[in-house]
Each structure stands twice: as C-alpha cells, then as structure tokens.
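Number of protein chains: 2
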Amino acid sequence: MASDDGKAETRVWTAALVIIGDEILSGRTQDANLAYLARWLNLHGVRLKEARVVPDEMAAIGAAVTQCLAAHDYVFTTGGIGPTHDDITVDAIAAALGRRVVYHPDAEAALRAYYGDRITEARLRMARVPEGAQLIPNPETGAPGIRLDRLFILAGVPTITQGMLRGLDGTLEGGRPVLSRAVGAWTAESAVADLLGDVQRSHPEVQIGSYPFWRDGRTGANFVIRAVEPQALDRAAAALAAALRAEGIEPVEGEI
Amino acid sequence: MASDDGKAETRVWTAALVIIGDEILSGRTQDANLAYLARWLNLHGVRLKEARVVPDEMAAIGAAVTQCLAAHDYVFTTGGIGPTHDDITVDAIAAALGRRVVYHPDAEAALRAYYGDRITEARLRMARVPEGAQLIPNPETGAPGIRLDRLFILAGVPTITQGMLRGLDGTLEGGRPVLSRAVGAWTAESAVADLLGDVQRSHPEVQIGSYPFWRDGRTGANFVIRAVEPQALDRAAAALAAALRAEGIEPVEGEI
Numbered sequence: 001m002a003s004d005d006g007k008a009e010t011r012v013w014t015a016a017l018v019i020i021g022d023e024i025l026s027g028r029t030q031d032a033n034l035a036y037l038a039r040w041l042n043l044h045g046v047r048l049k050e051a052r053v054v055p056d057e058m059a060a061i062g063a064a065v066t067q068c069l070a071a072h073d074y075v076f077t078t079g080g081i082g083p084t085h086d087d088i089t090v091d092a093i094a095a096a097l098g099r100r101v102v103y104h105p106d107a108e109a110a111l112r113a114y115y116g117d118r119i120t121e122a123r124l125r126m127a128r129v130p131e132g133a134q135l136i137p138n139p140e141t142g143a144p145g146i147r148l149d150r151l152f153i154l155a156g157v158p159t160i161t162q163g164m165l166r167g168l169d170g171t172l173e174g175g176r177p178v179l180s181r182a183v184g185a186w187t188a189e190s191a192v193a194d195l196l197g198d199v200q201r202s203h204p205e206v207q208i209g210s211y212p213f214w215r216d217g218r219t220g221a222n223f224v225i226r227a228v229e230p231q232a233l234d235r236a237a238a239a240l241a242a243a244l245r246a247e248g249i250e251p252v253e254g255e256i
Numbered sequence: 001m002a003s004d005d006g007k008a009e010t011r012v013w014t015a016a017l018v019i020i021g022d023e024i025l026s027g028r029t030q031d032a033n034l035a036y037l038a039r040w041l042n043l044h045g046v047r048l049k050e051a052r053v054v055p056d057e058m059a060a061i062g063a064a065v066t067q068c069l070a071a072h073d074y075v076f077t078t079g080g081i082g083p084t085h086d087d088i089t090v091d092a093i094a095a096a097l098g099r100r101v102v103y104h105p106d107a108e109a110a111l112r113a114y115y116g117d118r119i120t121e122a123r124l125r126m127a128r129v130p131e132g133a134q135l136i137p138n139p140e141t142g143a144p145g146i147r148l149d150r151l152f153i154l155a156g157v158p159t160i161t162q163g164m165l166r167g168l169d170g171t172l173e174g175g176r177p178v179l180s181r182a183v184g185a186w187t188a189e190s191a192v193a194d195l196l197g198d199v200q201r202s203h204p205e206v207q208i209g210s211y212p213f214w215r216d217g218r219t220g221a222n223f224v225i226r227a228v229e230p231q232a233l234d235r236a237a238a239a240l241a242a243a244l245r246a247e248g249i250e251p252v253e254g255e256i
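Note that the protein sequences, when read in sequence, are chains A and B.
My numbering puts the first residue of the first sequence at 1, with every later residue one more than the last.
My numbering puts the first residue of the second sequence at 1, with every later residue one more than the last.
These are computed hints drawn from the structure, not numbers from a lab.
Glycine residues also receive a C-beta, built at the ideal position from the N, C-alpha and C atoms.
Don't take every hint at face value.
What the hints assert, rightly or not - Which residues of chain B face chain A? A few of them, derived with a C-beta cut under 7 angstroms, are: (1) 25; (2) 39; (3) 45; (4) 48; (5) 51; (6) 187; (7) 190; (8) 210; (9) 253.
Given these sequences and hints, build the entire structure.
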C-alpha cells in the first residue's frame, strides 16, 4: 500500500538544541539533556536535527540561537538561567532578538513565594525575561523557564530541565513520531556492509543505521531501522533478517 | 606583576568539534568524545570553543565543517568513517571542500594487513580519503583517521577516537593550557551570587563559573576559577575564600 511508505507524512517538524556553558566545553560536565530532549521531542512528533554547544559568551549564544531559529521549527536552549554573573542566556538572547529584558511579574511572584524573606536581588535576576515571553513552570525550584513563541529557554540541571519539559507536554505541534526497531547480529559490520546497503537501497522509506560494538571479546553490531510507518519497519526488518540468514548469520530481534 | 595577569598570552588557539551521527540526535547513543577531546585539547594549549551535532546528511556535515573551519584554528569530526552505507563523512567533507575522494595507498595497505584474506570492497571503503589527506594511526583496528591540514576526521567509537588522539599527541601547535581551581561551599549559589560577581569583576584575568548541586538533601555549589596564570588563580581563589568567610560560609578547597 502506497500509504505505508511514509508518503502520508506531509510535513517533518524539526528542532535544534543550543547547550550553553563553559563547563560542557571544558570537559568538566557531561551534557545529559540532549538524549532526553531528543526522545521527548520524538514523542511529540518533532525531530532533533541539530545541537550546538556554545560558551558563556553573548555573541556565541546569540548567533547560535538566531541561526537555529532560521533553520528549524523549534529551538531549545539549556543552561545559563541561574542567579550568578555567568548566567547570561536571557541577556544574550534578548540582545540577539532585539528585545528588552524585563522582570516578568509572575516569575517575580513565584520567586518571592519560593524564597520568602530570603529573596535577594540576585535571586530576582531569575525573573528577568526577554520582553513578550511566557513562563514555563519549574516544579523543582522557583525559577521558571521561558518561552518566546517557538524558542524555549530551559535550565541546565537535568532534573530541572526534565521538569520544565513535563510542563510543556502536549503544547508543541508536531508530526508523526519516528519509530525504530533494532536487529542485532554477532558479526563485524564490515562483513555485512554490502547486504546492509542493499537492504537500505531497496527500502528507501526507512533509514538504517549500523552501530558496531566489541563486548566480552566478541564483535557485534546493532542495525537500527527508523521510519514513521510501522509496516515499513516490519518489511525492512524482515528483509534484513533474511539477508543476514542467507549469509549464515542469525539475526537477533531487538538490540543485543 | 603585570606578567601574571594573562597578558603574556598573545594568541588563543581554538578548536571546534563536529559530532556526526543520527544515533546521537535520536537519543540512542550518548556522546562520550566531547569531554575527552576538550581535556586533550587543553593539554595542548587549545580551547574547545564550539561543538555541533549533525545528522548523517551530506549537506549538514559539509556546512558544519566549513563553518567551523572558518571560525577556529582546528576542527575535529567524530563518527561516520566506518564501512557501511551510513558512513558518509569522507564524501561529505570532500564535497564541501571541493576535493576528490581517493584511496590512500597506506590506508589500503593497513587494511589489507589487518583483514588479510577477509578484505572486502566494503572494508576497503575505509581507505577512502579526501585527496591530499594524511593518515592518523589507529592502534585499535585497521581503519585510520584522516588529517587534512587543520581538520581531523576521527572515528566515533570512543576507544578508537582516544587511540587516534594519542597518535596526535604533540603534533598540534597551541598556546598555554587553561588551568582551573575549584572552591566549593555548602551554600545556595543564589545566596552568594553578589559576592561571586564582585570577585569576578575585581579579577578580570580569570573566569569564574558557578555550578550548583543538590546532594543528600543539601544545597552546595562549586565555583571553578579558570586562567592561564597560576598566580591569577591563586589570587582569585584567595579573594573568593575570604569573601565567603566574611559571609560566615566556610570554603572547601577543591570540588565538593
């Protein structure tokens, strides 16, 4: 059926992530938000197509955000929205987009409620937003995330980032999620590269990725098939399994 | 002494990393090369100033590499140099740089030596390089990395990537490494944001980053001071410790 071949998908929604922070680029901190955001976006029918890591510098943050906004439907940033001097994400984005920075009254109220009489000017910095922004609830601490139309400014601490994403559940327009199915095999990927290429060419409605590994002294590979149509996945997986068996290699359903 | 203030550093060498692979952008695989490369580069006096993650698409790979080459002294790529159909890094970079793809005779010899009579056309794909390239030894498997002047095309599997970087030890011209020193404190960063900003402003020769955490029910933060001059680090760390003590907060030498 033609409608199984992914042609029903008339529009692909894409997103970019801008990871802000010297601590990532120095190797001090391992990013833990990209993979979580990628899977969260896919559930909403949006593909993460690009990510950038930039330092805590106004120009670098501004350029990455504006370039990503020009190329994708949605842009997310993580990091740099705390109370300290190195938290310059809001200022950088406002400057790049030509907006003033203002105190959002609801954010100020949330921070005053959270901190009580421990509120300070530094803590109130977290109520500063580019003019016209909406807030994204933060169930972990008082400082909200910020939404500016299709730009989402999130915290960098993963538990807080994830809480903010939960607050965005169901609010993004998207297309169909990408489904995936893995076929594993105890073989070197280079030994099956030709048959893999053949299956890819005869199934253009899926993407097949090959991910080799070495484990316990054995060579293996997982072949991950991705498509929006479950029938397309099934057909490609069956063709790949048959091609592997024809070479005397027993396929394993799912990742090894 | 004026010579302590980082002014002796006349040139800062910078690098970018382009991480290539649908598996990173889908959330399937966690990148493990950025942090390692960042620390390796710093030992060579080069700062990782930007990283991008791009899908397995010719145009996206080409654009990221050419833009990063225009902006930085060195560019590294990881991923997409294996034997399978989804390994298109060499083709994408050659196309973007207007070079032909050729078989490198030394790479072909290395692959033939490694695989012996198991050599196949797919495995020989790993000898393909943009014309004019040099090889980077791969101590793990037969497939070498590729150097094109100030562009380094590395494998994506971390053990192989790291082996290739060891082969590059001492071959990059750089400046002075960034030194870092951490001061920890059991306090909310927002409680000390003002004093932190004061210390930063009075020590412009260092960068101070603030990294809050929550652990075992307690709030803490590590303040990481970075500079090329050890004396500048010492001065800023002493000033920060004194400022914390003045607020009744005991500083902890090193990261908590």
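Now for the hints, and whether the structure bears them out:
A cut of 7 angstroms between beta carbons decides the hint on residue 25(B): the least distance to chain A is about 5 angstroms, and the hint holds. The interface hint given for residue 39(B) is met, as the beta carbon of that residue sits about 4 angstroms from the closest beta carbon of chain A, less than 7 angstroms. This hint is violated: residue 45(B) has a C-beta 14 angstroms from the nearest C-beta of chain A, more than the 7 angstroms allowed. The criterion of a C-beta within 7 angstroms of any C-beta in chain A is met by residue 48(B), whose closest approach is roughly 5 angstroms, and the hint holds.
Residue-level restraint check for residue 51(B) holds (minimum Cβ-Cβ distance to chain A is 4 angstroms; threshold 7 angstroms). For residue 187(B), the suggested interface contact is broken, since its CB lies about 12 angstroms from the closest CB of chain A, more than 7 angstroms. Satisfaction of the interface hint for residue 190(B) is found here, the shortest Cβ-Cβ separation to chain A being roughly 4 angstroms, below the 7 angstroms cut-off. The beta carbon of residue 210(B) comes within 4 angstroms of a beta carbon in chain A, closer than 7 angstroms, and the hint placing it at the interface holds.
The restraint placing residue 253(B) at the interface with chain A is violated, with a minimum CB-CB distance near 17 angstroms, outside the 7 angstroms limit.
Checked against the numbered hints given earlier, this structure breaks hints 3, 6 and 9; the rest are met.
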